[in-house]
Structures are given as structure tokens and as C-alpha cells.
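Guided by the hints, dock chain B onto chain A, whose structure is given.
One-letter residues, chain by chain:
Protein chains: 2
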Amino acid sequence: MRAKTAIMQKKGNFKMGIIKLKNRVCVSAVASVCGKKEYDGLLGAFFDEHSDDDTFGRPTFEQAEEEMQRRCFAHALKKSGLTQNDIDAIFAGDLMNQCTASSYGLLDYGRQYFGLFGACSTMAEAVLLSALTVDGGYFERCAAIVSSHNCTAERQFRMPIEYGGQRTPTAQWTVTGSGCAIIDGGGSGMYIKDVLPGIPVDRGVNDAANMGAAMAPAAAHTIKRYFDESGRSPDDFDVILTGDLGEEGHGLTTELLAYEGCSLGSNHLDCGMLLYKPEQDVHSGGSGCGCSALGLCTYLFERFKNKEIKNALFIGTGALMSPMSVAQGHSIPGIAHLIHFSSEV
Amino acid sequence: MRAKTAIMQKKGNFKMGIIKLKNRVCVSAVASVCGKKEYDGLLGAFFDEHSDDDTFGRPTFEQAEEEMQRRCFAHALKKSGLTQNDIDAIFAGDLMNQCTASSYGLLDYGRQYFGLFGACSTMAEAVLLSALTVDGGYFERCAAIVSSHNCTAERQFRMPIEYGGQRTPTAQWTVTGSGCAIIDGGGSGMYIKDVLPGIPVDRGVNDAANMGAAMAPAAAHTIKRYFDESGRSPDDFDVILTGDLGEEGHGLTTELLAYEGCSLGSNHLDCGMLLYKPEQDVHSGGSGCGCSALGLCTYLFERFKNKEIKNALFIGTGALMSPMSVAQGHSIPGIAHLIHFSSEV
Numbered sequence: 002m003r004a005k006t007a008i009m010q011k012k013g014n015f016k017m018g019i020i021k022l023k024n025r026v027c028v029s030a031v032a033s034v035c036g037k038k039e040y041d042g043l044l045g046a047f048f049d050e051h052s053d054d055d056t057f058g059r060p061t062f063e064q065a066e067e068e069m070q071r072r073c074f075a076h077a078l079k080k081s082g083l084t085q086n087d088i089d090a091i092f093a094g095d096l097m098n099q100c101t102a103s104s105y106g107l108l109d110y111g112r113q114y115f116g117l118f119g120a121c122s123t124m125a126e127a128v129l130l131s132a133l134t135v136d137g138g139y140f141e142r143c144a145a146i147v148s149s150h151n152c153t154a155e156r157q158f159r160m161p162i163e164y165g166g167q168r169t170p171t172a173q174w175t176v177t178g179s180g181c182a183i184i185d186g187g188g189s190g191m192y193i194k195d196v197l198p199g200i201p202v203d204r205g206v207n208d209a210a211n212m213g214a215a216m217a218p219a220a221a222h223t224i225k226r227y228f229d230e231s232g233r234s235p236d237d238f239d240v241i242l243t244g245d246l247g248e249e250g251h252g253l254t255t256e257l258l259a260y261e262g263c264s265l266g267s268n269h270l271d272c273g274m275l276l277y278k279p280e281q282d283v284h285s286g287g288s289g290c291g292c293s294a295l296g297l298c299t300y301l302f303e304r305f306k307n308k309e310i311k312n313a314l315f316i317g318t319g320a321l322m323s324p325m326s327v328a329q330g331h332s333i334p335g336i337a338h339l340i341h342f343s344s345e346v
Numbered sequence: 002m003r004a005k006t007a008i009m010q011k012k013g014n015f016k017m018g019i020i021k022l023k024n025r026v027c028v029s030a031v032a033s034v035c036g037k038k039e040y041d042g043l044l045g046a047f048f049d050e051h052s053d054d055d056t057f058g059r060p061t062f063e064q065a066e067e068e069m070q071r072r073c074f075a076h077a078l079k080k081s082g083l084t085q086n087d088i089d090a091i092f093a094g095d096l097m098n099q100c101t102a103s104s105y106g107l108l109d110y111g112r113q114y115f116g117l118f119g120a121c122s123t124m125a126e127a128v129l130l131s132a133l134t135v136d137g138g139y140f141e142r143c144a145a146i147v148s149s150h151n152c153t154a155e156r157q158f159r160m161p162i163e164y165g166g167q168r169t170p171t172a173q174w175t176v177t178g179s180g181c182a183i184i185d186g187g188g189s190g191m192y193i194k195d196v197l198p199g200i201p202v203d204r205g206v207n208d209a210a211n212m213g214a215a216m217a218p219a220a221a222h223t224i225k226r227y228f229d230e231s232g233r234s235p236d237d238f239d240v241i242l243t244g245d246l247g248e249e250g251h252g253l254t255t256e257l258l259a260y261e262g263c264s265l266g267s268n269h270l271d272c273g274m275l276l277y278k279p280e281q282d283v284h285s286g287g288s289g290c291g292c293s294a295l296g297l298c299t300y301l302f303e304r305f306k307n308k309e310i311k312n313a314l315f316i317g318t319g320a321l322m323s324p325m326s327v328a329q330g331h332s333i334p335g336i337a338h339l340i341h342f343s344s345e346v
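So the sequence lines, in the order shown, correspond to chains A and B. With the first sequence counted from 1, adding 1 to any position gets you our numbering. With the second sequence counted from 1, adding 1 to any position gets you our numbering.
Chain A extracted, bound-state conformation:
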């Protein structure tokens, strides 16, 4: 019973739960922009643009991250044959303090704007809120855009990269990348069938160099809630794609769910484990808002496009701490938002 308590410690009121969309809503187009390391990785062929020096021609890394979002949105518009005027609202966020990569990066488009902060789960949060507001008929079309940049994140959350600090084996590599998904009330693509908003879960992990362990209980919590409530099982999905648990968090999530009799099997993939080659030495895997966004906007979208899969769960995972909260002795809460994509309307 130990693990049962661990995953489902708080029994909520399950009015709160899976939301089935009423209308045809899909991710009709995606775009992705990344850094050199990501381009050299396993999914290099699928990105729309990369920067060989991670600066995107801008004088600071913070402005490089803004530029990634700006270009990523431009690619998504171009690929879908839309202009910015066809987008009713943008849901965006990033890891930088006060989410400035999003607010500055997307400023020139002059669109209605909702800033989000879900840490590394922000892409899932943005897609989820876009899906609900499009499904409800409030917007015809939204864009979900997020980013992270290794150099902005490292100097903000840990040390400037020039310091050359040693990384622990459970550490993850903050992805330099931005992903954009167009969520559309018309068109075709990956259809969004239902969604499950995450509940923050804190199981006392306070090692800021082990985000996988901090987020695994939240991922397990959301996945367990989803299968319990829907009556579906992992076998009903061709892919169960988590955001950025990395090897450590992937293993822990599998273990926590196994205690509950829920076996995810070989369909459970994690974006943090899809991006880099083994020789790229990223330790436990990729992380950051850009990690799940790149996984969603390349791997998952491509597999649907190629008709290789019919149903997938995308579970964005985030660690809701700050350097200050960790310094003050707080443990690290995680959150995981879930989206069920299907090839059929």
C-alpha cells in the first residue's frame, strides 16, 4: 500500500477530472527551432531552424531565446499558410524570470496574449488551455508557444556556463529550443480528444539536480487518474509521451505506477530521452519547456502525420520551484498536464 499512498495521497473530488472536448479541435501545424546540440541530436532532421552558436544573431542569450520564439511562431504561420491575423490568441511561457522570452519574443505580432507559468509543463498547459478555449468557441485558432535556452536557464537556476561546474549523474540538460503548435477549430492534424489538468504533487524531493525524481510522482499521479477515470489502459495508446522526466524520472514513474498494477510498457517514451545521442553526454536527459515542446512538435506530430500511430497521450511535466525556494529549504512540487491526441476526429 505504500506506493498507493505515494501516488494518490490526496483523494480529490472527481468532478474535477478528464475533460472530453465537444468539437473538432486539432493541432493543425507545428514548428520548432533549436540550438546546435539539439540539431546534432537524434531528431535533428525535423527542426525548422537552428543556430550554430545558439545566439540566433542576438547579443545576449536572453534575447536569443526571445528570437527563438519569434522565429518559431513565424515558421508555424508559414507552414500552415496563415498570417498572424488568423491567430486569435497566444498562450505562451518559458523558464526565464517573469517569462520575458515569451512577452518580448511575441510582442511584435500584436496578438491577444496569455502568459503562463507551468515550468517545463508549460507546453502542455498552453495546448490544454488553447484546446478548451477553441472547443468552447471563444477563439477560432490559438498558438501555444514555449521555449527554454540552456544558457539562460543555467545562469539563472544554477551557475553561469563559464563556471564549468560538475554536473551530477541525475542532472538533466536544459534544452535550447522553442516549439509552437497551432490549435485549430477547423483543419486537420492531431485531434485533441480529451485533456486532464494536473494537480501539483510534492513528495519531499529537495535535490534541485534531480528534477526527474521531483516530477515523477506528479506524472504518475496524472497518468493513474487518467486510466482510473477513463477505464482505458496503456495498451489503448500507441505512444505515452512524457515531457522531460529523463532516465531517472522515467524509471521512477514506471516503478510508481507498477506498484499500482499499471504497466506502461515499452510505449512509454520521454521527450528528454528522445533528443540527444548517447555520446552527447546529457546525463539523465533533456529538460526545460523546450524539451516537451520539441518532442511534441517533431516526434509526435511526425508519427501522426505518417499515420504510424492512432492514439497518443502527451503528459507535460514541470517542477514548480525556484532557486530561492530551494535555497530556503522547500522541497520541489511537480505537476503534469495530460492531452489525448488521436488520428481521428
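Treat the hints as calculated values from the structure; they're not laboratory data. Predicted model, so just to flag it, every value in this text is computed and none were measured. Mixed in with the good hints, there may be bad ones.
Identical copies look the same in the list; a pair holds intra-copy or inter-copy alike.
As the list claims (entries may be wrong) - Computed list of lysine-lysine pairs in DSS-like fashion (alpha-carbon distance at most 30 Å, straight line):
| no. | residue 1 | residue 2 |
| --- | --- | --- |
| 1 | K308 | K23 |
| 2 | K21 | K194 |
| 3 | K21 | K278 |
| 4 | K306 | K225 |
| 5 | K37 | K23 |
Chain B alone, transformed into the frame defined by chain A:
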């Protein structure tokens, strides 16, 4: 034509625009918690709780801010006769890096959670997204909760308060306070009739000690869009309540709109000018997420409750910068989300 250009520089596609709610949705209950200075101010009698030393019994100011959100939500639940299980989702945010006041403060309630970052406009963003998701039938009842704390904001955005830095005349005082509004698909209270999401606007203001000037163009932009599209005029509203423009921003907004032939008149109030007594020496007025939240959850709600007003516009204003973006020479974009409240369903 100068001012016309200044306000409406970017003509968007006005599919994007006012969203009229389809169903009965209201703010059925509110709560507010604040610091000593706010308690000593003009609205002192209306707050549910305050702390005489602004710590709320916690060892750090950051944890004090978390505690404010925790207690504020508890007050809102108690006043409305609800338990946390009656709340399907929380939309929350604050000014602290990575929005930790919200994620830690609300963790123990175990609710579905959407983290937002709209700077000082976050309360309006939270109420707006709660309204759409309740109206669409996705949630029965949501909570919009935000906070700011003078001591966490000052040391993060400017200097530790112990430094005793001189403040410029246009500077505003970050409010120590948290507000919570329950957005309900049933019940009664302030009914939400329509909403208008904000578009970020940057008119080149780069003085981080003059947030009013940075936000005024965004406030004017949203207000102008609203009156243009709805065909209504300022006279149709008993109160037009902006979030935290302060005296400087209030004056600039009035001036920008006057150039367009739009006179807000004496009904235009600003939460930043409602909270403190003149002798409290806050220079241009209050600011921060807590500022508009306290104004909404005390002044505006009370006036509706006492049947003194029938229609009001609430326009949450935010400055979407960070200390890093200002240090790197960026100007400061503002945003303003609008909500139309009415005494009638």
C-alpha cells in the same frame, strides 16, 4: 493623429475581440489578506485578515507571501460555504520568480492548477480564463488567486528594503496582499458579461521606476478596443476600475484616450489610488498583482453587494518586464485584460 497612432498602432484582425459569455457566470465570493500598510489604508475595514509585521508568522518574506495565498483561499472557501473539493481548478500567479508564492501556497489544497504570469495583470487574466472555462462547462467552479508582497518584490526587482534606497516620484509601492475570487457557474454575485483579452503594447518606456507610464498605453489600447467594438461609452459604466496605473499612469491613460475623443470621466478609478492614505507616502500609488486583486475583492465587490453600482469594467494592467530585460536595455511592454461585471444575470 499622433495619439491615434500611439494607442492603436497595430490594427489587428478583429475576429479577435470581445467575448460575450453564453451562460450565467459570476464572482460569487471573494477574500483578501494584506499587510500592515494596506490594513492601515483606506480599505482597511474590508480585508479578511492582515499581518501586523507582514510575515504571517513565517520565517521568510517569500514564505509569508505563500501563506497569504493559502489563507486567502481558505477565507474565500469559508465565506462561500464551500470546501476545496468544490473547486475544480485554480488559476493563480504572482510576481516572484517562477511564481512560487502560488505553487507552494496552494499546494496543500490538491486542486487542478494552472500557473499564470501576467505580471500585475494576473488577477484579470485568472478571472478571464476562469470565466471562459466555467462558461464553456469545463469547470463548475474555479478560483482565481494572486498575490504580491512588498518585501519579496523589492528585493527581487530593485533592492533589499534594508538598503533604504530613495524612491523616485513616479515609483509605486508594491502592495502586500492576496486576493481570491470564486468564479461560479451557479450562485449569484458580480456577473461576468463579457471579457476582452489584452494585447501586449510597448511604446518605448524604459524607466523601471515608472510602471504607470509603461502600462498606460496598454490600458488605453484595451479600453479603446472595447468601446470601439461594443459601441458602448464610458457613461454606460458606473465604475471603470484599472489595476495599478497609479497617479502617473491614470493621468497618462486619460490623456491618451482624450486624444481619441474618449473621455473616461470621474468614473475612472485605479486600484493603485484606492488603497493608501495620502500620508502613507506611496508616491504614485500601489502596484503589484495584489493591488488589482485587493481592489477587485474589496472595493468593487462591496459596491456591487451594496447595490450601489450596476455595471463596471475591471481592467487589470501589467508590465511584462524583468530586471534582466531592463538591464539589457529593453523597453517595457504592458498588457491589460478587461472584464465587464454587471449586477444582473
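Right, here's what the structure says about each hint:
For a Cα distance limit of 30 Å, the shortest separation of K308 from K23 inside one copy, 24 Å, qualifies, whereas the shortest one across copies, 38 Å, does not. Both within a single protomer and between protomers do K21 and K194 lie at most 30 Å apart by alpha-carbon distance, with minima of 6 Å and 26 Å respectively. Taking the shortest alpha-carbon separations for K21 and K278, neither the intra-copy value of 37 Å nor the inter-copy value of 50 Å comes in at or below 30 Å. In this homomeric assembly, K306 and K225 come within 30 Å of each other (Cα to Cα) only inside a single copy, at 28 Å, whereas the closest approach across copies is 43 Å.
In the homo-oligomer, the alpha carbons of K37 and K23 never lie at most 30 Å apart, since the shortest distance is 41 Å inside one protomer and 48 Å across protomers.
Figure legend: structure checked against the earlier numbered hints; hints not met, in rising order: 3, 5.
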